[in-house]
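Chains L and C, in that order, are what the protein sequence lines are.
Residue numbering for the first sequence follows my numbering, starting at 190 and increasing by one per position.
Residue numbering for the second sequence follows my numbering, starting at 2 and increasing by one per position.
Bear in mind the hints are in silico, worked out from the structure with no lab data behind them.
Owing to the predicted nature of the structure, the values given are computational and were not obtained by experimental measurement.
Among these hints, one or two may not hold up.
The calculated DSS-like cross-link candidates involving lysine-lysine, where the alpha carbons are at most 30 Å apart (straight line), are [stated by the list, open to error]: (1) L/217 <-> L/241; (2) C/192 <-> L/242; (3) L/241 <-> L/311; (4) L/341 <-> C/57; (5) L/242 <-> L/230; (6) L/376 <-> C/192; (7) C/157 <-> L/311; (8) C/182 <-> L/311; (9) L/311 <-> L/230; (10) C/58 <-> L/241; (11) C/46 <-> C/127; (12) C/192 <-> L/311; (13) C/157 <-> L/241; (14) C/182 <-> L/242.
Covered stretches of chain L (in silico footprint by chain C; criterion: 3 or more residues with CB under 8 Å from a CB of chain C, positions within the stretch not fixed) [as the list claims (entries may be wrong)]: (15) 254 to 263; (16) 268 to 282; (17) 294 to 301; (18) 328 to 341; (19) 351 to 364.
Where a beta carbon is used, it is the ideal one built from N, C-alpha and C, also for glycine.
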Amino acid sequence: MASQTKPVLHGYFRSSCSWRVRIAFALKGIEYDQVPVNLIKDGGQQLTEQYKKLNPMLQVPAVEIDGITLSQSLAVIQYIDETRPGPRLLPADPQKRAQVRMISDVIASGIQPLQNLYVLQKIGAEKAQWAQHFIDRGFQALEPILKLTAGKYCVGDEISMADICLVPQVYNAERFKVDVGQYPTIKRLNQTLLEIEAFIVTNPSGQPDTPVDLRA
Amino acid sequence: MHVSLVFLAKPVLHGYFRSSCSWRVRIAFALKGIEYDQVPVNLIKDGGQQLTEQYKKLNPMLQVPAVEIDGITLSQSLAVIQYIDETRPGPRLLPADPQKRAQVRMISDVIASGIQPLQNLYVLQKIGAEKAQWAQHFIDRGFQALEPILKLTAGKYCVGDEISMADICLVPQVYNAERFKVDVGQYPTIKRLNQTLLEIEAFIVTNPSGQPDTPVDLRA
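Isolated chain L, as found in the complex:
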């Protein structure tokens, strides 16, 4: 029966969007299989006709779950939240839930798409400055938002989809040499979250497809 098969995550160890989904599965205690999609090797395994059937946007992640295939990490995460028991990934209160989505979308629409692999390849030589610019711009907006909404976590004191989006984006920021110290609330939240099991076991440094030289 479809719902008894383990979900399958097609992703890449260092893809922040794939990491979000891994964290969501881990927070819910859901076992899943991983099929690595190497974004660099063979000209990019996400560009094959085979992968196109899973996700015609030719991006990771794609998730096979309960008989359907979903792409777009936030759609996957909310589906998981709405169909699996375990800790809520979005708050019960509608206003807090809106704040979680707002923060998630600042990251998932306002920052990450401007610094993903495809766009940086198109930008070419100035990719580092381009990526830094858009991450800084997004963090400059996130910092005051989070000052307002955050308790122990991004929104109040419960881990949510906002936290799931934040940690991988801070990882990307550090990769592109953004000084996260300029954003004390982001920095503080990230440090708190990095001590949580679900964020540790899903880290890019320890995935099935993590290259040997990048393993923790």
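Following the hints, complete the assembly by docking chain C onto the known chain L.
Chain C alone, transformed into the frame defined by chain L:
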């Protein structure tokens, strides 16, 4: 201010007539039959009214839309739309079925994360001279993905036969596509859905051609 009074105040939409993200929120309000006030934010005039210190307090991303509603200020159109859906009666903007709901979010995010952010005003200003080709490229790329997705999910509307947030995202994106001279005829499902939706009141009254801040020469 008492919470009860706050809930009686009309929502306020800070937006721009031609901003596709603002249009999404206008459609959602219209579908739910919610009255709201509009405060125009001209993205071009005065160097861009979204860049003021005053507007920054509403949305530190310095983008439209921002919505004051029920005592809070929200940005990010899909967060606003789902908040409206979860707190107001009227037709559902997301389906009851979790799998259909996931498909609505997936389609909405292909547009709201995969296409529109790559062709918004700020990015095109940074791209400079090649902005037209850049915008066309990312819209085409997104539509090339949307077309097979929609072939699978669409009935009368983007997902099945009920209007949803996916339809709310689609129409403004097709409007943008046409503005950037993308040939939408290459995407027959997108074209068909757009035509169907453009006949619906909520999509008509919210069209950029008829907003309070629509310039005279662009009025329908």
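Hint check:
In summary, the hint linking residue 217 of chain L to residue 241 of chain L is supported, as the alpha carbons are separated by about 28 Å, within the 30 Å threshold. Only pairs whose Cα atoms come within 30 Å are accepted, and residue 192 of chain C paired with residue 242 of chain L is accepted, the gap being roughly 22 Å. Only pairs whose Cα atoms come within 30 Å are accepted, and residue 241 of chain L paired with residue 311 of chain L is accepted, the gap being roughly 20 Å. This hinted pair checks out: residue 341 of chain L and residue 57 of chain C have alpha carbons roughly 25 Å apart, not beyond 30 Å.
Distance restraint check for residue 242 of chain L and residue 230 of chain L: the Cα-Cα separation of roughly 19 Å lies within the 30 Å cut-off, and the hinted pair is therefore satisfied. Simply put, residue 376 of chain L and residue 192 of chain C have alpha-carbon atoms about 45 Å apart, too far for the 30 Å limit, and the pair is violated. With a CA separation close to 37 Å, the supplied pair residue 157 of chain C and residue 311 of chain L exceeds the 30 Å bound. Between residue 182 of chain C and residue 311 of chain L the alpha-carbon distance is near 21 Å, which keeps this suggested pair within the 30 Å criterion.
Straight-line distance between C-alpha atoms of residue 311 of chain L and residue 230 of chain L comes to about 18 Å, which keeps the hinted pair within the 30 Å bound. Between the alpha carbons of residue 58 of chain C and residue 241 of chain L the distance comes to roughly 42 Å, so the proposed pair goes past 30 Å and is violated. Annotation: proposed proximity of residue 46 of chain C to residue 127 of chain C holds, straight-line Cα distance about 18 Å (limit 30 Å). Using a Cα cut-off of 30 Å, the hinted pair residue 192 of chain C and residue 311 of chain L holds, with the two alpha carbons roughly 28 Å apart.
Between residue 157 of chain C and residue 241 of chain L the alpha-carbon distance is near 25 Å, which keeps this suggested pair within the 30 Å criterion. With a CA separation close to 28 Å, the supplied pair residue 182 of chain C and residue 242 of chain L stays within the 30 Å bound. Coverage of the stretch 254 to 263 of chain L by chain C holds in this model, with 6 residues showing a Cβ closer than 8 Å to a Cβ of that chain against a need of three. Coverage of a stretch by a chain is defined here by at least three residues with a beta carbon nearer than 8 Å to that chain's beta carbons; for the stretch 268 to 282 of chain L and chain C the count is 3, and the condition holds.
Residue count for the stretch 294 to 301 of chain L with a Cβ under 8 Å from a Cβ of chain C: 6. That meets the three needed, and the coverage hint holds. Using a Cβ-Cβ cut-off of 8 Å, 6 residues of the stretch 328 to 341 of chain L lie near chain C, which meets the minimum of three, so the contact claim holds. Here the stretch 351 to 364 of chain L counts 0 residues with a CB under 8 Å from a CB of chain C, which misses the bar of 3, and the coverage is violated.
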